[in-house]
Amino acid sequence: MTKKVLSNNLSGNGINTFPMELKILTSANIPTFFNNLLQSGKVVVAPVLKKNGKVYFESVESYDQVSTDYIQTVFSAKSVVFPKVEELFSYTKKEDGSVEITNDMSNVPETVIWGLRPCDSSAFNYLTEFFLKENPDSYYKTRKERTTLISVSCAKADDACFCTSVGLNPGSTEGCDILLTAMGDFFYTEVMTEKGKALIDAKLFTDTEEKSKEEFLAKINIKFSIDEVKERIQNAYESSEWKHESMGCLSCGACAFSCPTCTCFDIQDEGTTENGKRLRCWDACGFGQFTQHASGHNPKTNQTARRRQRLLHKFKYSVENLGIVSCVGCGRCIRICPAHLNIFENILNVTKA
Amino acid sequence: MARIGVFICHCGENISATVDVEKVAQEAAKLSGVAFAIDYKYMCSDPGQTQIIEAIKEHKLTGIVVGACSPRMHEATFRKAAEKGGINPYLCEMANLREQVSWVHARSEATTAKAIDIVRMMVQKVKQDSKLFPIKVPVIKTALVIGGGIAGIQAALDIANAGHKVIMVEKAPSIGGHMSQLSETFPTLDCSQCILTPRMVEVAQHPNITLHTFAEVESVSGYVGNFDVQVRLKAKSVDMKLCTGCGSCWQKCPNKKIPDEFNAGLSFRTAIYTPFPQAVPNKPVIDRANCSWFQKGKCGVCKKVCPVGAINYEMEDEIIDIKVGAIVTATGFDIKHTDFFPEYGYGEFKDVIDGLQFERLASASGPTNGEIRRPSDGKIPEKIVFVACAGSRDKAKGIEYCSKICCMYTAKHAMMYKHKNHDGEAYVFYMDVRSAGKNYDEFVRRAVEEDDVQYIRGRVSRIYEKNGKLIVKGVDTLMNAEPIEIEADMVVLATAVVANQDAESVAQKMHISYDKHHFFAEAHPKLRPVETNTAGIMLAGACQTAKDIPDAVSQASAAASKVMGLFSSDEMTREPVVAVVNRMMPPQFTTCTGCLLCMEVCPYHAIEREEILDRRTGEILKVAARVNAGLCQGCGTCVAFCRNKSIDLQGYTNQQMLSEVIALLNKPF
Amino acid sequence: MTKLQNKVAELFENGTINLMIGFKNALTNQPVPCFIENASQAELLIYTPECKNNLAVYLHKPEVKQSKKIGIFGNMATLRSIVQLTSENQFWDIEKTILTIDANDEVIVFANMEELETYVQENFPDISEEDLKLLAYLDSLTREERWNYWTEQFTACIKCYACRAVCPMCYCSQCTVECNQPQWVKVSSKTSGNMEWHTIRAMHLAGRCVNCGECGRTCPAGIPIHLLTARMNQDLFKEFGTRPGFSTKGEYALNTFKVDDKEGFIK
Amino acid sequence: MPDFEPKIVAFVCNWCTYAGADLAGTSRTKYAPNVRIVRFPCTGRIDFMLLMKAFENGADGVIISGCHPNDCHYTSGNFHARRRWITFRSLLDFIGFDIDRITFSWVSAAEGRKWAELVDEVTNTIRAKGPFTEISTLDSSKLKQLFYDEITK
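Residue numbers (the numbering used here), protein chains in the order written: chain A, 1 to 353; chain D, 1001 to 1669; chain E, 2001 to 2267; chain V, 3001 to 3153.
Mixed in with the good hints, there may be bad ones.
To be verified - Derived lysine-lysine pairs resembling DSS-like cross-links, with alpha carbons at most 27 Å apart:
(1) A:Lys94 x D:Lys1060
(2) E:Lys2065 x E:Lys2267
(3) D:Lys1509 x E:Lys2096
(4) D:Lys1438 x D:Lys1420
(5) E:Lys2096 x D:Lys1622
Hints listed in this document are in silico derivations from the structure and should not be mistaken for laboratory results.
Excised from the complex, chain A in its bound form (with noise of 0.2 Å):
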């Protein structure tokens, strides 16, 4: 059988011809395949309990580090393949008055991201078609083709999860090259790439027939209809609701940083004539002065304009644009913001008939 991951093909239509195949990973294999990960010495990024009592990504050394108990982590797995400061290059003045550039990706890692969401990996996807459709963005395709990604289905959710209102769900498959699924003494296992293929160690992995993951899944109930909303969502630049929604709105880049699909950046020079590098750095649509013109002229003066720009990306514009809802219901912006603002109550108030 064959199954549509775009993610995984970095060229070419998008269709993944890989053919599926299913496994068994008996929980007390987990510890092992995980250490053989490290052994190989690829960079492991998994999620881990912090102090605070967060989960945030980090790369570990061992398996015990790993943190199985968590809803979700604070900040998405972006970073791995967009970092927050991504140096293009570095340039140096030469005595001879020559300038010596240099850029260098070499050093790049082999990594794997473990313990997504299924939210997460699907955000792969946008993430893939953003950077690459058009104008293939080097950096992340370097970073991307040296990722892997093994995600764990969601066994739990609270009430900022809302993937089934965007058509994911939480035993998605959606970007992920293993999709692991907890099913009481063993993981059901899903490899969706060769990539993922790659990692499979047979004396771990038994086959399987295929397994309805349905009970052993979180029940997320769906806040609203997606196809209504990319349907109503249409009109919904006019709606009067945008400033009372966008009220509480901080213009803080929280929700922009910590969410799995934003892609903003800005492209900054640190240094001197002498020396000094070019950067690429996040940035957040909420900020104010991230439209303001050198003129000082600002095509949106406030937050409304802002808050709308953002929520009308994630499910219009970005649908326009590259046919993707670029929303993936991971619920982090509901979590982190400040203010509280809820980007489905927003969507559901604009989008209300």
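Mind docking chains D, E and V on chain A? Use the hints.
Below, chains D, E and V without anything else, positioned relative to chain A:
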């Protein structure tokens, strides 16, 4: 693209002896933006400067760095040269290679390295330099003189005679000040009023002088050349235009028992009054606090008797706005009230009086027509004791400073008494006799030797009354500290000179500083004795410290000459090193957030609140700070203080200072 | 309806306000800032000790300013912020009605700034027990340990500037970090650049911060940045006796001086 | 390290300390060549960020010096500066910055000798302390994040 020229001076051997100047020049040439670098024996010499000028033209330089002595030495020189070369003088910076390198270090790699660093630093700075132009501030050629005493009069006349307008403000109903109260003046014993009154009249009649008596300064704002002053004209209740000064009003006024300030309380005046016969203007005012019409609502005699109907009870205080270019403060002094000497019985015994009261007794225009009589019984005293330093030079009880004039006027008093009563006895208790000044000591000697005034070196411990006599107990420290006791008929205390009670509030109105005794502070105790540290405000007379008449007058003339200097050109030019609050195109207008916390920081009150208005609707779009270039002295405290860098200091911009630091440390790596 | 809700409804009806900033219960069942536009919505308003947000920050928002007559419900932090901001000449363009609920659960509507000032001064809060504990702990560390502690914290910073966004005192239209001529702060969120940002922030808030702790609470990376400004406030009070948000004429520690300010380190 | 020569930056005011340094020159008082003077109109002008920048760009020590209290050419610039330094210093100390690398001083236009002695003294202390790397190594060093409950345990 910057084209910087670097000129390294050997200063003869002074720099080249310890710094490898050729190397410095070579290294400088390598710096980005440097189009030309050279070293030369004497940069400040004519050929040196010519080289700079030529180089600027030949290499189309956009800025120059001169590596030589301290900028405090030759910055001006080289900026002129830069100007001659055809670039803005402020595009010239100096690297201090002599005072701060060659003279303080031995010849070594490190020394040369330091020189190179400094040059690199200045090259970076000059790259960030922008053209600056001296600030021109128009000067309003009218002077305000506050105080109509002899100092104020002198200053006003000098300025007016130089052809400038003068506005004089005097709080009393007449000008003249303390000098008009004096009987005779030391050391010549000529009559005070005889020499003063002509000057008073001259002021009143001078075409260039506008006189406001019975008036006070309300507020002073603005800056040198452009002060805005509000003056309160207190209601005189008499129409000065109609009044002829005939005097029928005060002859008829029923309130006759008001202590007369002019006679230091030794006589009485009426409620409607002129302070003294020769007053200028010689027209009465109503002292409302003591007038039955204003207190009880009845009387109105003066109104009835006035032949010209000049009395106007409805008159109200009037505030006028005036614009002046300079201010001379001549608010004068006061004398310390002696109540704090209970043991001297001042106030308790009628015949213990102070110097000013004695002046009135001795004055021909005084309450006794110049006959020295006891206030108590009008008898002519046979024995008078004069107590010098009553309060002065007495840290414990009075004030620590010397009141300067007492030694002289005490001698004068004793002398005048002796002249009027040849067989009377005059005793002077003194600590030291301070009589420095032209003919001053001779004067005191005369008192002792010719008029045989008894000088006793010692303090008076106590004065009490005993059957009609005043018993003065003291010691004679020269007569092996013998206690002595004198039965006197009258005691005169040479009480200390102090600042006016309202001196502090005046200083605050003018934004000038003052010392702990509330005497106004000069800008520099030696080199700028008549200016205050607020540009455009000068000091004259005893408001600065105790002074005798010649000192007050000469300081007044000095202050006047400072004012004339200021008025000698239509605009004054100031260094363009001033702070600027950024302004930009709408919609931002400025990055200033209008927190205005910087206003407090500025020592010169140069930062103002500005409302940026919509040109059409006039509504306020933004509130921001603005620096008044006229007031700003360029310290830059506000610049470092401003949180979001909305203020910058021309000549020391954030960009420049930061580039200097980076250039200094962050070598090409 | 509660006293608060009634009061607010009344204020809408008699036209004193046309926007009310307060707290309501969110779907997620936690108190969240809410914006009431008419009397009928007043019943949404709640107040519990959990209502920690410093609402004063919203008084800078153009959308809020638009509705000129603004009612705002203030917890202590909010009230202090309003006092401090008044001393910084903000609010010249809005008409605000300030409400709070005092210890005996009475709703207070402040008639003027003076009343607010007195109320704040009478109920002036101390720095929280927890923060004191943290500060004491940090003081107990050696210089190097503190350095490691903070540099580790700063490494975690992602420069999302949420700390700045939630701070009522950070109202500059253009922050120092956005000023790029010269560039005072490295844009990249690397440790050194982050440290620059946090030192600047602490210095700019020193003597102005009202200890609401929003920055620390908000930080997605969980950095206790509020401790920096809390410490600054402690020190400034010790050194100069100044207290942010205490008076509308507020003496601000850094734009004034005393000739005899004590200091032991200048040679 | 024996052959370590510290880089010291001095931020001084134009009217007192800069003149004092000039005086040291005119009276030929010798001192260590490690110091680089940056001239400001007044200590009040010295932005605390410049200290940070100096250290970031590789200064090993910093000297801040201006007019003695009451001698400020602008009457109060140094008083404001003094408050700023009291504040900034306590902040730096709180974040664990090595404040002994910053020296504050009042040097008048007449104190050429004091200036020379100050520079020598500072140079020696910093030489003893060794090069300042705490900031320059920050970005390269692998720091894991620590969360603040940790400090309460």
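Comparing the hints with the structure gives:
no., hint, verdict
1, A:Lys94 x D:Lys1060, "holds, 25 Å"
2, E:Lys2065 x E:Lys2267, "violated, 50 Å"
3, D:Lys1509 x E:Lys2096, "violated, 35 Å"
4, D:Lys1438 x D:Lys1420, "holds, 25 Å"
5, E:Lys2096 x D:Lys1622, "holds, 18 Å"
Comparing the model with each numbered hint stated earlier shows that hints 2, 3 do not hold.
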